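Build out the structure end to end from the sequences listed, making use of the hints.
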Amino acid sequence: MTDLNALLTLYTTWSKALEAAEKDGPEQSAIRAEIADYEAAKAARQIADLLAAEILEPASV
2 MTDLNALLTL YTTWSKALEA AEKDGPEQSA IRAEIADYEA AKAARQIADL LAAEILEPAS
62 V
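In terms of our numbering, the sequence shown has 41 at position 40, counting the first letter as 1, and numbering is strictly consecutive.
Fair warning: there could be bad hints in the mix.
[Claimed, not checked] Straight line, CA to CA, 20 Å or less: simulated EDC-like cross-link-like pairs of lysine to aspartate or glutamate:
| # | residue 1 | residue 2 |
| --- | --- | --- |
| 1 | 24 | 40 |
| 2 | 17 | 50 |
| 3 | 17 | 40 |
| 4 | 17 | 28 |
| 5 | 43 | 20 |
| 6 | 43 | 28 |
| 7 | 24 | 35 |
| 8 | 43 | 25 |
| 9 | 17 | 35 |
Hints listed in this document are in silico derivations from the structure and should not be mistaken for laboratory results.
Just so we're clear, the structure is a prediction, and the values are computed from it rather than from any experiment.
Shown next as C-alpha coordinates:
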(Lines of atoms letter the chains of each structure in order from A; the text may use other names.)
(Lines give C-alpha, C1' and ligand atoms only; values in the text may rest on other atoms or scores of the structure.)
Protein backbone atom coordinates (compact mmCIF):
# COMPACT_ATOMS: atom_id res chain seq x y z
CA MET A 2 0.00 0.00 0.00
CA THR A 3 2.94 2.33 0.57
CA ASP A 4 3.78 2.15 -3.15
CA LEU A 5 0.25 3.21 -4.02
CA ASN A 6 0.48 6.15 -1.61
CA ALA A 7 3.77 7.23 -3.17
CA LEU A 8 2.25 7.11 -6.65
CA LEU A 9 -0.78 9.07 -5.51
CA THR A 10 1.48 11.73 -3.98
CA LEU A 11 3.48 12.01 -7.20
CA TYR A 12 0.33 12.29 -9.31
CA THR A 13 -1.15 14.92 -6.99
CA THR A 14 2.05 17.01 -7.12
CA TRP A 15 2.11 16.79 -10.91
CA SER A 16 -1.56 17.68 -11.35
CA LYS A 17 -1.23 20.68 -8.99
CA ALA A 18 1.74 21.93 -11.02
CA LEU A 19 -0.32 21.69 -14.20
CA GLU A 20 -3.24 23.55 -12.58
CA ALA A 21 -0.88 26.32 -11.45
CA ALA A 22 0.60 26.53 -14.95
CA GLU A 23 -2.85 27.11 -16.41
CA LYS A 24 -3.42 30.10 -14.09
CA ASP A 25 -0.08 31.86 -14.77
CA GLY A 26 0.97 34.17 -17.58
CA PRO A 27 2.59 32.71 -20.71
CA GLU A 28 6.22 32.85 -19.54
CA GLN A 29 5.60 31.51 -16.03
CA SER A 30 3.16 28.99 -17.46
CA ALA A 31 5.85 27.58 -19.76
CA ILE A 32 8.24 27.19 -16.83
CA ARG A 33 5.62 25.45 -14.70
CA ALA A 34 4.65 23.22 -17.62
CA GLU A 35 8.29 22.14 -17.97
CA ILE A 36 8.44 21.36 -14.26
CA ALA A 37 5.19 19.39 -14.50
CA ASP A 38 6.58 17.44 -17.47
CA TYR A 39 9.72 16.66 -15.48
CA GLU A 40 7.63 15.51 -12.51
CA ALA A 41 5.50 13.38 -14.83
CA ALA A 42 8.62 11.73 -16.26
CA LYS A 43 9.90 11.05 -12.74
CA ALA A 44 6.54 9.58 -11.75
CA ALA A 45 6.43 7.41 -14.87
CA ARG A 46 9.90 6.08 -14.08
CA GLN A 47 8.91 5.30 -10.49
CA ILE A 48 5.71 3.59 -11.66
CA ALA A 49 7.74 1.49 -14.10
CA ASP A 50 10.22 0.59 -11.37
CA LEU A 51 7.43 -0.40 -8.98
CA LEU A 52 5.69 -2.50 -11.62
CA ALA A 53 8.95 -4.20 -12.57
CA ALA A 54 9.69 -4.97 -8.93
CA GLU A 55 6.20 -6.41 -8.49
CA ILE A 56 6.57 -8.58 -11.59
CA LEU A 57 10.02 -9.80 -10.61
CA GLU A 58 9.24 -10.24 -6.91
CA PRO A 59 5.46 -10.47 -6.33
CA ALA A 60 4.31 -9.47 -2.86
CA SER A 61 3.69 -12.43 -0.58
CA VAL A 62 0.04 -12.98 0.20
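Do the hints match the structure? See the list:
1. Restraint check for residue 24 and residue 40: the C-alpha separation of about 18 Å stays at or below 20 Å, so the hint holds.
2. Restraint check: the Cα-Cα separation between residue 17 and residue 50 comes to about 23 Å, which exceeds 20 Å; the hinted pair is violated.
3. Between residue 17 and residue 40 the CA atoms are separated by roughly 11 Å; this keeps the pair inside 20 Å, and the hint holds.
4. Annotation: proposed proximity of residue 17 to residue 28 holds, straight-line Cα distance about 18 Å (limit 20 Å).
5. Between the alpha carbons of residue 43 and residue 20 the distance comes to roughly 18 Å, so the proposed pair stays at or under 20 Å and holds.
6. Our distance criterion of 20 Å between C-alpha atoms is broken by residue 43 and residue 28, whose separation comes to about 23 Å.
7. A distance of roughly 15 Å separates the Cα atoms of residue 24 and residue 35; the hinted pair therefore holds under the 20 Å criterion.
8. The straight-line distance between the Cα atoms of residue 43 and residue 25 is roughly 23 Å, outside the 20 Å bound, and the hint therefore fails.
9. Restraint check: the Cα-Cα separation between residue 17 and residue 35 comes to about 13 Å, which is no more than 20 Å; the hinted pair holds.
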